[in-house]
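Colleague: Each chain, written out:
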Amino acid sequence: MANISVEELSGNRAQPYPGAPDNWKRFFTFSTDHKVIGIQYIVTSFVFFLIGGLFAMIIRGELITPEANLVDRTIYNAMFTMHGSVMLFLWSFPVLVGLANYLVPLMIGARDMAFPRLNAAAFWMVPVVGLLMMSSFFVPGGPSQSGWWAYPPVSLQNPTGNLINGQVLWLLAVAISGVSSIMGAVNFVTTIFKMRAPGMTFFRMPAFVWTVLAAQLIQLFGLPALTAGAVMLLLDIVAGTSFFRPENGGNPILYQHFFWFYSHPAVYVLALPVFGIFSEIFPVYARKPLFGYRVVAVSSLIITGLSAIVWVHHMYASGTPGWMRMLFMFTTMSISVPTGIKIFAWTATVFRGKLRLDTPMLFALAGVVNFVFAGITGIMLGSVPVDIHVNNTYFVVGHFHYVVYGTVVFGIYAALYHWFPKMTGRMYYEGLGKVHFWLTWLGTTLNFLPMHPVGLMGMPRRVASYDPEFAFWNVLASLGGFLLGLSTLPFILNMVSSWIQGEKAGNNPWRAIGLEWLISSPPPVENFEQLPIVIAEPYGYGKDEPLVSNLAELSESPG
Amino acid sequence: MTSEASIANQVESSIVEEHNEEANSKFGFWVFLLSESVIFLSFFAGYIVYKTSSTDWLPPGVEGLDTHDPAINTVVLISSSFVIYVAERFLHDKKLWGFRVFLLTTLLMGSYFLYGQAVEWQGLEFGLTSGLYGATFYLLTGFHGLHVLTGVLLQTIMFFRSFIPGNYDKSSFGIDATSLFWHFVDVIWIILYGLIYVWQ
Numbered sequence: 001m002a003n004i005s006v007e008e009l010s011g012n013r014a015q016p017y018p019g020a021p022d023n024w025k026r027f028f029t030f031s032t033d034h035k036v037i038g039i040q041y042i043v044t045s046f047v048f049f050l051i052g053g054l055f056a057m058i059i060r061g062e063l064i065t066p067e068a069n070l071v072d073r074t075i076y077n078a079m080f081t082m083h084g085s086v087m088l089f090l091w092s093f094p095v096l097v098g099l100a101n102y103l104v105p106l107m108i109g110a111r112d113m114a115f116p117r118l119n120a121a122a123f124w125m126v127p128v129v130g131l132l133m134m135s136s137f138f139v140p141g142g143p144s145q146s147g148w149w150a151y152p153p154v155s156l157q158n159p160t161g162n163l164i165n166g167q168v169l170w171l172l173a174v175a176i177s178g179v180s181s182i183m184g185a186v187n188f189v190t191t192i193f194k195m196r197a198p199g200m201t202f203f204r205m206p207a208f209v210w211t212v213l214a215a216q217l218i219q220l221f222g223l224p225a226l227t228a229g230a231v232m233l234l235l236d237i238v239a240g241t242s243f244f245r246p247e248n249g250g251n252p253i254l255y256q257h258f259f260w261f262y263s264h265p266a267v268y269v270l271a272l273p274v275f276g277i278f279s280e281i282f283p284v285y286a287r288k289p290l291f292g293y294r295v296v297a298v299s300s301l302i303i304t305g306l307s308a309i310v311w312v313h314h315m316y317a318s319g320t321p322g323w324m325r326m327l328f329m330f331t332t333m334s335i336s337v338p339t340g341i342k343i344f345a346w347t348a349t350v351f352r353g354k355l356r357l358d359t360p361m362l363f364a365l366a367g368v369v370n371f372v373f374a375g376i377t378g379i380m381l382g383s384v385p386v387d388i389h390v391n392n393t394y395f396v397v398g399h400f401h402y403v404v405y406g407t408v409v410f411g412i413y414a415a416l417y418h419w420f421p422k423m424t425g426r427m428y429y430e431g432l433g434k435v436h437f438w439l440t441w442l443g444t445t446l447n448f449l450p451m452h453p454v455g456l457m458g459m460p461r462r463v464a465s466y467d468p469e470f471a472f473w474n475v476l477a478s479l480g481g482f483l484l485g486l487s488t489l490p491f492i493l494n495m496v497s498s499w500i501q502g503e504k505a506g507n508n509p510w511r512a513i514g515l516e517w518l519i520s521s522p523p524p525v526e527n528f529e530q531l532p533i534v535i536a537e538p539y540g541y542g543k544d545e546p547l548v549s550n551l552a553e554l555s556e557s558p559g
Numbered sequence: 001m002t003s004e005a006s007i008a009n010q011v012e013s014s015i016v017e018e019h020n021e022e023a024n025s026k027f028g029f030w031v032f033l034l035s036e037s038v039i040f041l042s043f044f045a046g047y048i049v050y051k052t053s054s055t056d057w058l059p060p061g062v063e064g065l066d067t068h069d070p071a072i073n074t075v076v077l078i079s080s081s082f083v084i085y086v087a088e089r090f091l092h093d094k095k096l097w098g099f100r101v102f103l104l105t106t107l108l109m110g111s112y113f114l115y116g117q118a119v120e121w122q123g124l125e126f127g128l129t130s131g132l133y134g135a136t137f138y139l140l141t142g143f144h145g146l147h148v149l150t151g152v153l154l155q156t157i158m159f160f161r162s163f164i165p166g167n168y169d170k171s172s173f174g175i176d177a178t179s180l181f182w183h184f185v186d187v188i189w190i191i192l193y194g195l196i197y198v199w200q
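Taken in sequence, the protein lines are chains A and B. With my numbering as the guide, the letters of the first sequence map in order to residues 1 to 559. With my numbering as the guide, the letters of the second sequence map in order to residues 1 to 200.
Keep in mind that the hints were calculated from the coordinates and are not lab data. Ideal placement from N, C-alpha and C gives every residue a C-beta, glycine not left out. Hints are supplied without guarantee of correctness; some may be wrong.
Below 20 Å or equal to it, Euclidean Cα-Cα: the simulated SDA-like pairs (lysine to any residue) are [as the list claims (entries may be wrong)]:
#1 A:K194 x B:F173
#2 B:K26 x A:G249
#3 B:K26 x A:L220
#4 B:K51 x A:P252
#5 A:K194 x B:A177
#6 B:K26 x A:L118
#7 B:K51 x A:P116
#8 A:K194 x B:W30
#9 A:K194 x B:K51
#10 B:K26 x A:P116
From the derived model, a few chain B residues whose C-beta atoms are all more than 12 Å from chain A [as the list claims (entries may be wrong)]:
#11 L33
#12 S111
#13 V187
#14 I190
Given the sequences, and given the hints that come with them, work out the whole structure.
Modeller: Written as C-alpha cells, this is what we have:
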C-alpha cells in the first residue's frame with residue numbers, strides 16, 4: 001500500500017491546451033469525458049445543420065418563381081422531407097443534448113455524467129443516423145418523400161417495390177435516433193437526481209438544469225409512443241400487415257395519434273433547454289438575479305405535464321370529433337400560462353438592468369421577441385376555427401419556423417457564444433459575432449415573416465409551384481433563406497479562428513455566477529479537484545454572497 | 001495530512017463512489033423500465049382502439065383463442081417471478097448454490113413459457129397478415145416474447161457469471177436488474193393476457 005503514489009490517486013489531469021497535439025484528436029476517439037462528448041455532439045450536429053440548410057435553400061430556390069422549374073417534383077418532396085428530418089433529428093435534438101452534456105455536470109458540481117460509457121455510445125449513434133439518412137439518396141427511388149411526419153397511407157407507398165427503400169431507411173434512422181435519445185434521457189435524469197454536489201438542492205440548481213430535466217422526462221414518456229407507431233408502420237411496409245392501411249381495415253388516424261403524442265412534446269424537448277439558456281443569459285448580461293427563479297423552475301415541469309395532453313391540436317382537420325377539438329383547444333391554450341410566466345420573468349429580469357449587449361445577449365433578446373411572436377400565432381393556431389381556416393398553409397410553416405429557428409436556433413447561438421470561452425479557454429471576436437447576429441436576424445425576419453401573410457392569403461404548404469399572386473412574398477422569403485445560408489459563414493469563421501488564436505479568456509470573462517465559472521477554462525478532466533459545497537441559490541447578482549464554501553479547493557490554478 | 005491517511009481517505013472515497021454507482025445504475029434501470037412500459041401501453045391502446053372500432057374483427061373461420069394452454073403458460077411465468085425472488089434471497093444470505101439452483105429454475109420456467117408460446121403460434125389458423133386481429137395478436141405476443149427471451153438470456157449470463165470468484169463482492173446490480181426486468185415482463189404479461197385471452 002505504501003508504494004502507491006498519492007499524486008496518481010488524486011491526479012486531476014488538465015484538459016489539453018489548445019495547441020496540444022492530442023487536443024483535436026481526442027474528439028475522434030470513444031472518449032467518455034462529458035465535455036468531449038458535448039463538443040462532439042455540437043460539431044457533428046452543426047455539420048448536419050449546414051446540410052439541412054442546403055436542402056432548405058434548394059426549396060427556397062424552387063419557390064422563388066411560381067413555376068416548378070428548378071428540381072423535379074419528387075426531388076422537391078424529398079427535399080422538404082429530408083430538410084425537416086435532418087433539422088430535427090440531426091441538428092436541433094443533438095446540439096441541445098450536446099450543450100446539456102457539456103453544462104449539466106458542471107452546473108450541478110459533478111465530475112461526469114452518471115453513465116459515461118452509455119453517454120459515449122449514445123453519441124456515436126448520431127453519425128450512424130446521419131449516414132443512414134444520407135444513404136437514402138443512393139437507393140433506387142431516392143429518399144422518403146412523405147414528409148418528416150411520414151403519415152400513412154402516403155408513407156406506405158413503395159413505388160420501386162424494393163425492400164430497402166428511402167422510407168425504410170428513414171424509419172431505421174429514426175429508430176436508432178430514438179434509442180440514442182432514450183439512453184441520453186436515462187443518463188440525464190439519473191445524473192440530475194443522483195450526482196448533485198453537496199448542498200446543491202433542487203432549488204439551488206440553475207434554471208438550465210431544470211429545463212433539461214423537464215425536457216428529458218418528455219423524451220422518456222413520449223418517444224416510446226413514436227417507437228410503437230414506427231414499429232407498426234415498418235411492419236406495414238415490410239411484413240404486409242394492415243395496421244394503417246385503410247383499404248384493409250387499418251386505421252391511419254391512429255398513426256397520427258402515436259406520432260403527435262411524441263412529436264408535439266418533442267417541440268418542448270427543443271424549446272425547454274432554450275428557455276433555460278435564456279434564463280441563464282439574462283441575469284449575467286443584465287446584472288440582476290433571475291426574477292421569480294423558483295416559479296420559473298417549476299413552470300418547466302408544468303410544461304412537461306401539459307405537453308402530454310395537447311397533441312390532438314395537430315389533428316383538428318383529421319376528422320376529429322367536436323368534443324375532442326374543444327378539449328384539446330382548452331389544453332393547448334393553457335400551455336401559454338407556464339410559458340407566459342417565463343416571458344414575464346425574463347422581462348422583469350432585464351427591466352432596469354445594467355444591460356451589456358454582447359452577442360449572446362443580442363441573440364437571447366431577439367430569441368425572446370421571436371418567441372413572443374411565435375406564441376401569438378401559436379394561440380391563433382390552437383383555436384379550432386382559425387386552425388381549420390389556415391390548416392396546411394404557409395401560416396403554419398411560418399409559425400413553427402419562428403419557434404424552431406427564431407427561438408431555438410437563436411437560443412443555441414446565444415449559448416454557443418456565451419459558453420465558448422468556457423469550452424475553449426479563448427474569446428470569440430465580438431465584431432464578427434455582431435455581424436453574425438444582424439445577418440441572422442435579418443435573414444430570419446425576411447424568410448419567415450412573409451410566410452404569415454402568404455399563408456393567410458391561402459398558399460398551401462408542400463408545393464413546388466403556386467399561384468403567381470403569391471410571388472412577391474415568396475421572393476422575399478427566398479432572399480431571407482439565402483441570407484440565412486450566408487449568415488453561417490461569419491459564425492464558422494469566428495468559431496474556428498478564435499478557437500485557434502483567440503485571446504485567452506480566463507476563468508470567468510462574463511463575471512457570471514455559477515459553478516462552471518469557478519474552475520479553469522477549459523475545465524480539467526473530471527472538472528472539480530474537490531466537489532464544491534454549495535451554500536447559496538443561483539443568480540446572486542448584486543448580493544455579494546459566495547456560491548460555495550470551499551472556493552480555494554475547487555481547482556489547482558485559481559484565477 | 002500524512003500520506004497513509006490520504007491513501008485511506010482515497011480508498012474510502014472510491015468505495016463510496018462504487019456504492020453510488022450501484023445506486024445510480026438501479027435508479028437508471030428503473031427510469032429505463034418506466035419508459036419501456038410506454039411502448040407496451042401504446043400497443044395496448046392501439047389494440048383497444050382496433051378491437052372496439054373494427055367492423056370485422058375476427059378473420060373468416062376463426063372462432064377465437066383457446067385459453068387452456070396459455071393459462072398454464074401464464075401460471076408458469078408468474079410463479080417464476082417468485083422463484084427468482086427466492087434466488088435473490090439466497091444471494092443476499094451469500095448461499096451461492098441455493099441461488100444458482102433457483103436462478104436455473106427461473107431460467108427453465110422462462111424457457112418453458114417461450115416453448116409454449118411457439119407451440120401455440122404453430123397451432124393457430126391465422127397469421128400476421130390475417131387482418132387487424134392477427135396483426136395485433138402477433139405484435140403483442142411477439143414483442144412480449146422478445147422481452148421474455150431477453151430476460152432468459154440475462155439469466156443465463158447471470159448464471160454463468162456466478163461462477164466467477166468474487167463476482168458479488170462489489171455489487172449485485174446485475175442480478176437486481178435481471179430480477180426487476182423479469183417482474184416487469186410478468187406484469188406486462190398479466191395485462192396482455194387479460195386483453196387478448198380473457199376479453200374475447
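Colleague: With reference to the structure, classify each hint as holding or not holding.
Modeller: Status of each hint after checking the structure:
At roughly 16 Å between alpha-carbon atoms, K194 (chain A) and F173 (chain B) fall within 20 Å of each other, so this suggested pair holds. In summary, the hint linking K26 (chain B) to G249 (chain A) is not supported, as the alpha carbons are separated by about 43 Å, beyond the 20 Å threshold. Straight-line distance between C-alpha atoms of K26 (chain B) and L220 (chain A) comes to about 16 Å, which keeps the hinted pair within the 20 Å bound. This hinted pair checks out: K51 (chain B) and P252 (chain A) have alpha carbons roughly 15 Å apart, not beyond 20 Å.
At most 20 Å may separate the alpha-carbon atoms for a hinted pair to count; K194 (chain A) and A177 (chain B) meet this at roughly 18 Å. The straight-line distance between the Cα atoms of K26 (chain B) and L118 (chain A) is roughly 14 Å, inside the 20 Å bound, and the hint therefore holds. Of the pairs offered as hints, the one joining K51 (chain B) and P116 (chain A) is violated, with about 44 Å between alpha carbons and a cut-off of 20 Å exceeded. Annotation: proposed proximity of K194 (chain A) to W30 (chain B) holds, straight-line Cα distance about 13 Å (limit 20 Å).
A C-alpha spacing of about 43 Å is found between K194 (chain A) and K51 (chain B), which places the hinted pair above 20 Å, so the restraint is violated. The straight-line distance between the Cα atoms of K26 (chain B) and P116 (chain A) is roughly 15 Å, inside the 20 Å bound, and the hint therefore holds. For L33 (chain B), the non-interface assignment is contradicted: its Cβ lies about 10 Å from the closest Cβ of chain A, within the 12 Å cut-off. Residue placement check: S111 (chain B) keeps its beta carbon more than 12 Å from all beta carbons of chain A (closest about 25 Å).
No Cβ of chain A comes within 12 Å of the Cβ of V187 (chain B); the nearest lies about 16 Å off, and the non-interface call holds. Taking the minimum C-beta to C-beta distance to chain A, about 19 Å, the non-interface status of I190 (chain B) holds against the 12 Å cut.
Checked against the numbered hints given earlier, this structure breaks hints 2, 7, 9 and 11; the rest are met.
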